[in-house]
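Residue numbers (our numbering), protein chains in the order written: chain S, 1 to 649; chain R, 1 to 649.
Simulated from the structure, these hints should not be mistaken for laboratory data. In this text the structure is predicted, and so the values were computed from the model without any measurement. Glycine is no exception: its CB is placed at the ideal position from the N, C-alpha and C atoms. Do not take every clue at face value.
Covered stretches of chain S, going by a simulated chain R footprint (3 or more residues, C-beta under 8 angstroms) [said to hold, decoys possible]:
| id | region |
| --- | --- |
| 1 | 108-115 |
| 2 | 321-331 |
With a straight-line cut-off of 30 angstroms between C-alpha atoms, the simulated BS3-like cross-links for lysine-lysine are [what the hints assert, rightly or not]:
| id | chain 1 | residue 1 | chain 2 | residue 2 |
| --- | --- | --- | --- | --- |
| 3 | R | LYS3 | S | LYS186 |
| 4 | R | LYS111 | S | LYS256 |
| 5 | S | LYS410 | R | LYS175 |
| 6 | R | LYS186 | S | LYS410 |
| 7 | S | LYS340 | R | LYS111 |
| 8 | S | LYS111 | R | LYS251 |
| 9 | S | LYS433 | S | LYS597 |
| 10 | R | LYS340 | S | LYS120 |
| 11 | R | LYS112 | S | LYS251 |
| 12 | R | LYS112 | S | LYS516 |
| 13 | S | LYS341 | R | LYS146 |
| 14 | S | LYS394 | R | LYS180 |
| 15 | R | LYS111 | S | LYS341 |
| 16 | R | LYS341 | S | LYS146 |
| 17 | R | LYS3 | S | LYS88 |
| 18 | R | LYS318 | S | LYS112 |
| 19 | S | LYS516 | R | LYS111 |
| 20 | R | LYS110 | S | LYS599 |
| 21 | S | LYS341 | R | LYS110 |
| 22 | R | LYS395 | S | LYS3 |
| 23 | R | LYS370 | S | LYS60 |
| 24 | R | LYS508 | S | LYS110 |
| 25 | R | LYS3 | S | LYS410 |
| 26 | R | LYS180 | S | LYS59 |
| 27 | R | LYS341 | S | LYS120 |
| 28 | R | LYS110 | S | LYS340 |
| 29 | R | LYS634 | S | LYS340 |
| 30 | R | LYS340 | S | LYS111 |
| 31 | R | LYS112 | S | LYS256 |
| 32 | R | LYS152 | S | LYS341 |
| 33 | S | LYS112 | R | LYS256 |
| 34 | R | LYS410 | S | LYS110 |
2 protein chains.
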Amino acid sequence: MPKSENQSDGRSRIIIENVQPVVDGGFYPAKRVIGERVDVTASIFTDGHDHIRASLFYKKEINAQWIELPLRHISNDEWIASFQVEEKGNYFFTIHAWIDHFETWYDGFKKKAAAQLELKVELMEGAAFLRRLVPANSELKTIAEKLTDQSKYDAAIALVLGERFAEIVNQNPLKENVTKLDAECKIVVELAKANFSSWYEFFPRSSSLESGKHGTFKDCQKLLPRIASMGFDVIYFPPIHPIGKINRKGKNNTTKAEKGEVGSPWAVGSDEGGHKSILPSLGSLYDFKNLIAEAKRLGIDIAMDIAFQCAPDHPYVKEHPEWFVTRPDGSIQYAENPPKKYQDIYPFNFECVWEELRSVFFYWIDQGIKIFRVDNPHTKPIPFWQWVMAEVKKKDPDIIFLSEAFTRPKIMASLAKVGFTQSYTYFTWRVTKSEITEYMNELVNTSSRNFFRPNFWPNTPDILPFHLHHKNDNIFILRFALAATLSSNYGVYGPVYEFYENAPFQGKEEYDNSEKYEIRHYDWKRTYRMTDIMTIINQARRENKALQSTWNIQFCSINNDNIIAYLKCTDDLLNIILVVANLDTQNNQSGFLQLPKAKLKLGDKINLKVHDLITHEHFTWTQEWNFVEVDPNKMPFHLFKLTIEESKM
Amino acid sequence: MPKSENQSDGRSRIIIENVQPVVDGGFYPAKRVIGERVDVTASIFTDGHDHIRASLFYKKEINAQWIELPLRHISNDEWIASFQVEEKGNYFFTIHAWIDHFETWYDGFKKKAAAQLELKVELMEGAAFLRRLVPANSELKTIAEKLTDQSKYDAAIALVLGERFAEIVNQNPLKENVTKLDAECKIVVELAKANFSSWYEFFPRSSSLESGKHGTFKDCQKLLPRIASMGFDVIYFPPIHPIGKINRKGKNNTTKAEKGEVGSPWAVGSDEGGHKSILPSLGSLYDFKNLIAEAKRLGIDIAMDIAFQCAPDHPYVKEHPEWFVTRPDGSIQYAENPPKKYQDIYPFNFECVWEELRSVFFYWIDQGIKIFRVDNPHTKPIPFWQWVMAEVKKKDPDIIFLSEAFTRPKIMASLAKVGFTQSYTYFTWRVTKSEITEYMNELVNTSSRNFFRPNFWPNTPDILPFHLHHKNDNIFILRFALAATLSSNYGVYGPVYEFYENAPFQGKEEYDNSEKYEIRHYDWKRTYRMTDIMTIINQARRENKALQSTWNIQFCSINNDNIIAYLKCTDDLLNIILVVANLDTQNNQSGFLQLPKAKLKLGDKINLKVHDLITHEHFTWTQEWNFVEVDPNKMPFHLFKLTIEESKM
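So that you can see chain S by itself, here it is in the shape it has in the complex:
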């Protein structure tokens, strides 16, 4: 908890507390990305009625020069100052505050003058302040002399009450006995992509245009133009390493694979290699590097999956049995969640394998990888992640880590605090208006905002959520639109979603014939209604800065619980997006939506141009409450761009 120092000499009388943004009282850094504004707030107060001034000091990197900004009082002893972070790296800030006796005197002087009190001594005091301020300043010296010229009392009063004197007071803070915050608060500033990214996941082995063939990186390369034209900027592959042959899983997660079955890519390693190798059927390292380079050319990063676990035939098992737990019978401990056994997976013994795992990250970074999606980080020690991510950032500060932890809230938060750039979320299961609103408020309007960057996924290879089971394309479109407009980071397990796959395995939240255990064939040449919507929304995200932040959301009142409406706008209000979505994907719904007048700085005369970015319809709104209607069979949501027109009054 950053606090002001207690200087017991009676002169440093100010308390500075409740400083934001900090995470766990400064134990972890707060996070921002390049171009974001940092609002530093603090409670600053002192005894009595003296005037306080306070400065924010911030700097880029620990050895840089401090930049000083005045904090201003908002209300109830809360102060604020803001600055923009323009470079990646570590920023630091701290706060100084002091009592400005000159300003206190000036304020008292004005009140006494208004009450027509005798002010002779006050003028002498004023002159003394001026001489203390900048002794060498000739203007201030002259004024000081005039104030004490007893023969020109009225002129002296007029001088103090004049405009120039107000400027002098304002521009010359009398900075004495400064109270200093006893901490330098750290902000980690990352690439803009940490906060704004659109992920498309597919299994490279399902990339072949030819049915029944194992896809290769070369096939993937052929899909790049399709995915690029849809506007995605991250392609995420499940693990690309050799797949364990011992205890290999078969179709629909059966415990024994039939001959020829390809197994789960998350069972990493075989006699063909381990975490630093590539499954030969996918191609060579050369192919992979070509793919990375070609994707890069199209503005796409390839995100790699990091699954720190081994198949029984992973080379590590023979070469380094000490990296695993050995049971009393000499066998290696497989994964289990009693009474369930996962005998195709050996977990690492995290008491001794840290350096090797760091080398895995380093290896792939050397091949050109910039983004890692980390599989189940919550089943590995949190201190390990803190260490390894710090090590990686030392090598390359641009690396992005996505935490795939669908677990209890405190653990998800903790992983984000120790350094994960982005995190999977509960969005996948937040369906009703109140669920979505509450969750967004938790993410955006609590301390979470300073460390947890959500990445919203309507589905994953592990999760076909119940609300999509056997449902038509309306809800797929709705959930996609919500993910991509609520959160500036979002992703989709692409092909099955694009093609509306809705069949669960045995009624569970798993896909039937899950691609995790078999190769799929997709008709990559086709496009669907969803393909177009993905394209349009991604384009809107690129073109509208308001959609490039998660933190600027404001929900709008609407008299229909089936409709959720939210506004996103840039600080300058030059870009305003309004999403109006119908959560009832069967029926037409309508209602009256209230514009947040304060947020939009709207006066009594409203003149708002409304442009639907999907249908290209245009409207004009002149009221605070406006009728909206959403027919899910046409389009389950509106994506409005609002423009505030100059009032013609």
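Given chain S's structure and the hints, the job is docking chain R onto it.
Showing chain R alone in chain S's frame:
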């Protein structure tokens, strides 16, 4: 913010965070009184599914032995352990947590046994754990041997699943790779009186039974039996020092006193002496010490007023002009709040007077004073209070300080954090049901609870609140009952309240003919309806432990916003008080009140004896919702004592 250490060796895998009770992340100590329970809570979690155990360590004084208590998991990674503080002084606590691999193994074993899996290797693992636990324990050794006796596999399984084995697991935590909280959190434990006190304020100069005579300490002594029989345990006097004669204030705060006017006791000091002297008209130091001793004998502490400011003729002004601010014309700076001037008061220059002011406290402590009510602490530097109270506590840890700061919330909080035992509050202006409920929740259910002990006053010599202006005795009785039952510390500016004084000065929240500027004559021999109610309520407070805490309040639902109802009970439910008050002091009000069944651990059969401690009526409640009625003209509130009867089922 106390956090667990980050031990980067891969074995210490637990996170401990969000530890309570702490104030500002441990920057200030939390407060408790003797006999209170301390609930220590923390978020404790780790990766994966391993079983966690956690211990609370606490000790009295820094060099004592730690006492270890197990924490238990509540839900969602929140843990708790509680202990009672039985002595005054500083307590410390910290938390250790570790993964118990033995318990993890045991839990898995039971699940696997239930699924009838092969358990040979598990038995070997169990034996190894037993040998690691307490190698010298012969019972454990024998069991370990039995587990690995291959010829008796079924017996071995039965042994692990048996009762004795469960006990062994429970009693033998396998404490390895312990994660330790990186802080020792401090709790200051004070006298019970810090949390439970009943204050009666009067001006000693108005204590004479004879009209027109200046009261003396000897007169005060004659009033002691009256006040003691009413059940008060603190008598608080406005300052008893010589009163300034220069610029003395007259009746109703006029700037010039007429000859013979007595002035305001807060204008401290004259040629008769200063902060260590007594106004001669009140008597001698000997009289004062006698009064303190006699009060003590009756269970009453005399609370002294500390007003750190001087009249212009205070001896300090001549002897130590450096303790004041001198203006350019050589005059001493008087108090002001421009354009208002308070020329009867010189504020100290707090840059240099700390030691002398400490000596004022020390002097009166040497005369027998244990309680100080501090006048306007918010106009003196907060670091001064932090220092001087710590100094005083070194001399006598039993001293109680009441902060008279009616100012902005953060400053009131800050004064409490730096050491004030009790604080005046906004209760004086909280009138409606929602105002009272919200305020109590703020005091009791936020971090405030750990440092801010409220003292509720329905009036003070400075405040006749608007809602009492020209009102009848019902509202006086109501506000008294609320103060004395909502808060375990409360006080009243006694005689004017007892006698229902309701006339304001010029419509302001000031008393007309305020006793601050003149001597009053009270008919101390009379008692009023209010006198009786004060007596009964104070008796109820003494006899019912539930009323001796502010922290145990629970508001009850009732379908009438004119009635406020709240329950206070001891943890063991052996003492339960229910207050039902009618905020409409004109009309009879009634409604249905819901008993908080969970809190009272009531089942479906309810059998509750209800005894009205004022009217001595008796009822039996057998329902969750019960009819209540309050006729303000009989009594504006019910003070019920509830007794849970054994169900006769």
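We went through each hint and held it up to the structure:
no. : hint                : result
1   : 108-115             : holds (count 6)
2   : 321-331             : holds (count 4)
3   : LYS3/R / LYS186/S   : holds (17 angstroms)
4   : LYS111/R / LYS256/S : holds (24 angstroms)
5   : LYS410/S / LYS175/R : holds (24 angstroms)
6   : LYS186/R / LYS410/S : holds (25 angstroms)
7   : LYS340/S / LYS111/R : holds (9 angstroms)
8   : LYS111/S / LYS251/R : holds (27 angstroms)
9   : LYS433/S / LYS597/S : holds (22 angstroms)
10  : LYS340/R / LYS120/S : holds (17 angstroms)
11  : LYS112/R / LYS251/S : holds (26 angstroms)
12  : LYS112/R / LYS516/S : holds (27 angstroms)
13  : LYS341/S / LYS146/R : holds (26 angstroms)
14  : LYS394/S / LYS180/R : holds (28 angstroms)
15  : LYS111/R / LYS341/S : holds (12 angstroms)
16  : LYS341/R / LYS146/S : holds (26 angstroms)
17  : LYS3/R / LYS88/S    : holds (28 angstroms)
18  : LYS318/R / LYS112/S : holds (28 angstroms)
19  : LYS516/S / LYS111/R : holds (28 angstroms)
20  : LYS110/R / LYS599/S : violated (58 angstroms)
21  : LYS341/S / LYS110/R : holds (14 angstroms)
22  : LYS395/R / LYS3/S   : holds (28 angstroms)
23  : LYS370/R / LYS60/S  : violated (53 angstroms)
24  : LYS508/R / LYS110/S : holds (26 angstroms)
25  : LYS3/R / LYS410/S   : holds (14 angstroms)
26  : LYS180/R / LYS59/S  : violated (34 angstroms)
27  : LYS341/R / LYS120/S : holds (15 angstroms)
28  : LYS110/R / LYS340/S : holds (13 angstroms)
29  : LYS634/R / LYS340/S : violated (70 angstroms)
30  : LYS340/R / LYS111/S : holds (9 angstroms)
31  : LYS112/R / LYS256/S : holds (21 angstroms)
32  : LYS152/R / LYS341/S : holds (25 angstroms)
33  : LYS112/S / LYS256/R : holds (21 angstroms)
34  : LYS410/R / LYS110/S : holds (28 angstroms)
In this structure, the hints that do not hold are numbers 20, 23, 26 and 29, in rising order.
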